[in-house]
Amino acid sequence: MTHYHDGAAASLPRIRGFYYTPEAQSENTSATASPGHPDMADPAFQAAAHRAPPASISHAVGAKLQQLQNKPLQRTPSQNSISSAAAATPHTGAQTPLPAAHHHPRAARPLNHQSDRIRCLQTLSQQRAGHAARHAADWNDDDDDDDDDDDVDVDVDAASEGADSSTAAPGNLSALALALSSQYVFSGSQRGQIYVWNRETFHLERVLYGHSAGCLSLALDDAHGVLFSGGGDGKVRAWDIHTLRCLYIVHAGVNSGAILSLAYSRTRNVLVLGCQNTSIQVFDVANRDAVSREDRASELGARRSRFFDGSSAPITVCTARPSPEVRSSSPTDSAGAGSECAEDHYVVFERSITPFAHSGYIYSLLLGSPSATATATAAAAATAAAHGEEELLLSAASDGAIKMWRLAGATIEEAGVLGGSSETEDEDEDVCVKALALNDGLLFAGLQGGGVEVWDLETMQRIRTLPGTGSSDVLSLAIHANCLYSGAADGTIRVWGPDLKLTGWISTASDSVLALVAAADDDLLVSGTDDGSVSFWDISAAAAVATASFGSAPAGPAAATAPALHDLHISAGDGDVHTRRYRDRHMLNALDQWIPIKSVSGVPDLQSECRRAARFLKGLMQQLGAADTRLISSTPSSNPLVYCRFDASAEAANALPLAHRPTIFVYGHYDVMPAGDEALWNTQPFELVGRDGYLYGRGVSDDKGPVLATLFAISELAASGSLPMTVVFCIEGEEENGSIGLHEAIEQYRDLFGVPRLILLSLSYWLGESTPCLTYGMRGSIRANLHIESTRNADVHAGVWGGAVSEPLTCLSHILARLADPSGRVLVPGFHDSVRPVSAKEEAEMRDLVRWITSKEARAPLVAQTAAAGAAAAKQAQDDLYHQLMQRWRFPTLTVHHMDVSTVAARTNTTLVPAAAQASLSVRVVPDQSLDDIAAKLRAYIEEVFGEILAQRQKSGGDGNGRAMLDDLKLHLEVKPNAQWWLADPETPVYQAAARAIREEWSDDAAGPGAARVPLLIREGGSIPAVPWLESFFAPHAVAVNLPMGQSSDNAHLDNERISLENLSRGRRIVQRLVRDISSVL
Amino acid sequence: MCRLLLYKSNSPVLLADLLTRPAHSIIMQSFNCKLRVDLRRPMNGDGFGIGWYDEPRTAGCIFTSTLPAWGNLNLQRLAEKVKSRLVFAHVRATTGDTATSESNCHPWQFGNLMWMHNGNIAGFERIKRRLQNALRDEMYHSIQGTTDSEHAFALFLNMLDRPGERAEFSYAELRRAMLRTIAQLNEWLDEAGVEDISLLNFAVTDGQSVVCTRYITSADKEAASLFYSSGSEFKTDAESGQYRMSKANRREDVVVVASEPLTYERSDWLVIPTNTVLVVTPKMNVHLSPIKDKYWNPRRQ
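From first to last, the protein sequence lines stand for chains A and B. Position 1029 of the first sequence, counted from 1, bears residue number 1029 in full-length UniProt numbering, the numbering being contiguous throughout. Position 36 of the second sequence, counted from 1, bears residue number 36 in full-length UniProt numbering, the numbering being contiguous throughout.
These are computed hints drawn from the structure, not numbers from a lab. As the structure is a prediction and not an experimental result, all values here were calculated from the model. Heads up, a few of these hints could be off.
As the list claims (entries may be wrong) - Beta-carbon label-pair distances, calculated as ranges:
1) B/57 / A/294: 55 to 63 Å
2) A/303 / B/14: 31 to 39 Å
3) A/841 / B/237: 42 to 50 Å
The beta-carbon is built from N, C-alpha and C at its ideal position, and this holds for glycine as well.
In isolation and in its complexed conformation, chain A is listed as follows (with noise of 0.2 Å):
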């Protein structure tokens, strides 16, 4: 009955990318304190952000170090800081709270772990991914190497993998090394496999086999689209980005040991190594083919080691991996050297080895101008060329020297020693640089033991040494945006802002950062860890301040893609993938704050968190442009409904008063189910987390994710103009409750609404885990309850009482005994009269779907279950499940959910006769089968039993008229018809166009004879009571369509709830397609 406009949220501060809730904003007074920098609502970041931006980075820097040189360094006092203990303690497998927690109170809690900061996107880990892709190919074989399609969409979390995952040999799989294509997040393994993540959606698309002992460097030839890999075995794979086939391997010099770093120079088209045994070499990868083939195989032919080649080796050497795991896209790299001549074999011959380069192992190579930024675009390096800036070779190595060269020819020249001793010695510093990074005339070097110096490189002086970076070593480093990250041996990455003051730190659940690597074309950190797992986090929070302190400056990626809100509206089509992404990470954001609101309905003391989710939403509606933003509610103690509206681009298409306008109406809930048993979770239930290419959290597959993600469709294309008619949002907050109120608020708000001419909805889910499916149909639902009462009104003692009174729980007992036979058919007479024939025609398109299912969802629980037993039994199985998925989605059934007595006395003591019994169940109908008929005929029926048993009784009981008894049975009986069933009509132009709005946006993955079947047409046994009812209160021309986002193994209602990103994300542009071109079959 009430709306509430709320004036509170009218203002909410507007954010890139990041949204505050009213509640959120009133407890930070400094974000209302300055309206002008709303993104700066944390004091620290807000500091920074004030100082002038001077005019060129290059010499603030310098300016500002040299200021930082005479001055103690001052931390900005903060506001908020959070003090208890607990909180200054990582909140990870890390070991102690850092050093710094004790002297900069930003850093006390993980920047990660504040809301509005640096959030980390997923996290995949190569030991789950590695067991998934194995299983993959178990069941794969048939498959053409080039359509991995199906193998490398693998559902790792499936119940199966759990307990592989779990008995596997931890630590075996550190990600050691990092690369990153515009396309796709290449990862090192410990055991020399390379895991190809894409970068969209995170999932594994490929295991890259060849390397026989740890991959230990990666190194980007984006120009000609290679990979290159560096291994523990002395060797170097060039891969195709594109084809993620192995193109050739380059063997290192004789006895290089590990290939510790790799650097690609792009204006010489030159690999260099640097290796453990102390020696950097280069690789010409132009002119590789100007040694002849002969003569390579020739220096490899010479290359034997007495000991493993010598003919007394008492054991032959087998390096290999084992060939079940091997999908191997590659030649396979035999051990012998001997062997290893094919034509795709390259050597580097000693004219182009530099021996004792350093005197010690090379940890760290990177090439660079020294004006340059180390995460140099080509274009950055074309500049740096045409300004005839050379390119130097910057090395590191654990004699601690970082030394300076010249590339020449296929060798390089010294020029120049920065730090260490490596000569004299006489220090006797032990000190190892273990990483590199340069960004405008500044090199980084992480130091063992903590600490990272910064050289000037156009002085060649050290300038300092950034403090605060604890005592564990500092293994990588990477820069974004001015601010630099440093990854530690405590599980930590450091972030440094453009000024090199410590800005907060980010927390791993590992031990050690073992590698960085920033985007150049996005806000995007990835790091290696030692548990296996290569983390996404989101660092557009930092790159905006970095920007907002320090001007305009680099008119480079973190400008180009984190673009405000209302410019990226203006892009038009999703094509881009910088947009795309943009896109994906605006809508993560939005749900990393709503999934931690607690919108469980039907709980009194969560009925405030209810209204916070409403609010959240409502919020955010209103910056995602809508025109009409309100809650509504109809009972007080319901929770309102979210409403808003988004107008028809085109002006004409909104002259109609709404009243009589035609509209989509989106319906929806912002209300969850309780999150259950926690310790089933394997993450906080109320937090957003992304792992393997799922985000998990209740509420985010039910029914919060796939609301925004229409949310966001809608709003899109309502910023870029194509929105072809008018756009209604219902999000109810009790669909988890029975909907409470919806009915009365729908239609004291009729006019709200339009004239809807398409429901669209997205509450179901598909049949199995990879093939899209269409929902064109669920039962309807009948709740009952049967309430049997003895009217003597209280328990009595069984002994002394027992065969004088009457026995309300055996008479239930006798009625719901006459429900349904035990083969579970309903006896209710004339229940089955009505429903619908199943016509040859339908039985052929079931039959079909099952063989698709069987066939091309091995993984699906469903699936899984029925096919366990083995090929033989394939027809059997197949037969099982068709049954099944008749009996779920085409015919009616009958529940009896509980049994309970009146008394706690009664269901606890067993001497008692309890003084009343109930029961309740529900019927599933389907069509044709009439809600009020069945109902009509379950009550009666009912009725009808229990009067037989009174009738029993009394022939039966003492003196035959029951007058016995010491008392009588009463029925007390509510049937409550509570949704109808609902059918739509695939063949409709509607259903068409959702089908091919699915099938068009799933047919880059879905290639091949399948794609016809995109998407499949499903059921659903379950039944959501707004659907029809909505139809028919908006008849006669609305339609619904339900487009299922989620995946069977989604867990929705239980532990773990998930989505997959990638289905959420093209979830969202489903429903662009769908709406963009919905004037056509409306």
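Knowing the structure of chain A, use the given hints to seat chain B on it.
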């Protein structure tokens, strides 16, 4: 000609994981070595010794025996129980005419320092008096046995300041002393006109740093074999059941140097180039640098 092994790690290793269990452990090398320069027999059966450190900055412990290592029950028993972060091990095949006695078994110790040698000083008897004369009393009296190796140790000690009184030495100091020892030997050998080739694979440690050489007094021949391996852990691989050097964390937590690889895992073992000094620093950094004297030849294969 002998076989030697040294091991340094951040966390203690059970001796058995080095000495007895790997496929080509030093015990295997004692009766089936593959890379001996001297091909008379593949046996190193003239005794053995193991030295290990327990507490940092205190002297290590040495156990030697004149029995062949392969049959020594006490060695088996000790190896199953003793754990250490720094281990020296040596199996001996006598050269020259020195006795098979416990005092002639490597390693030797002096204060916190421990020393062993694989090779021989050619024509040692021709410089022995000169060497002894050069020693300070402290070093001279420390010599218990008759070997060239032990005398070389005394000469090494003579290069250090108060070696018996100090708990620690910098790795640079140890390396300098090592290089001066080799230079001094070369000088005397030249003066004595010894033309035969000496093989000087020396190893020394103070319990914190390790310095070892692979050295030959020849510009074209190869020195006695010496390999190294480093990584995060030397352990049995779950898949193959063989020992492997895992590299899991971009750090060297384990360094092994041995006359012959302990396993047949090709990618785990690197050759220390001839005439090179290898240092393992207290923080487990491995340094390799060439010994650029008259025998240095970068073109040597």
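How the hints compare with the structure:
1. For the hinted restraint 55 to 63 Å between residue 57 of chain B and residue 294 of chain A, the CB-CB distance of approximately 58 Å keeps it satisfied.
2. Separated by about 35 Å at the C-beta atoms, residue 303 of chain A and residue 14 of chain B satisfy the suggested range of 31 to 39 Å.
3. For the pair residue 841 of chain A and residue 237 of chain B, the supplied restraint of 42 to 50 Å is violated, since their beta-carbon distance comes to about 59 Å.
Consistency note: the structure conflicts with earlier hint 3 alone.
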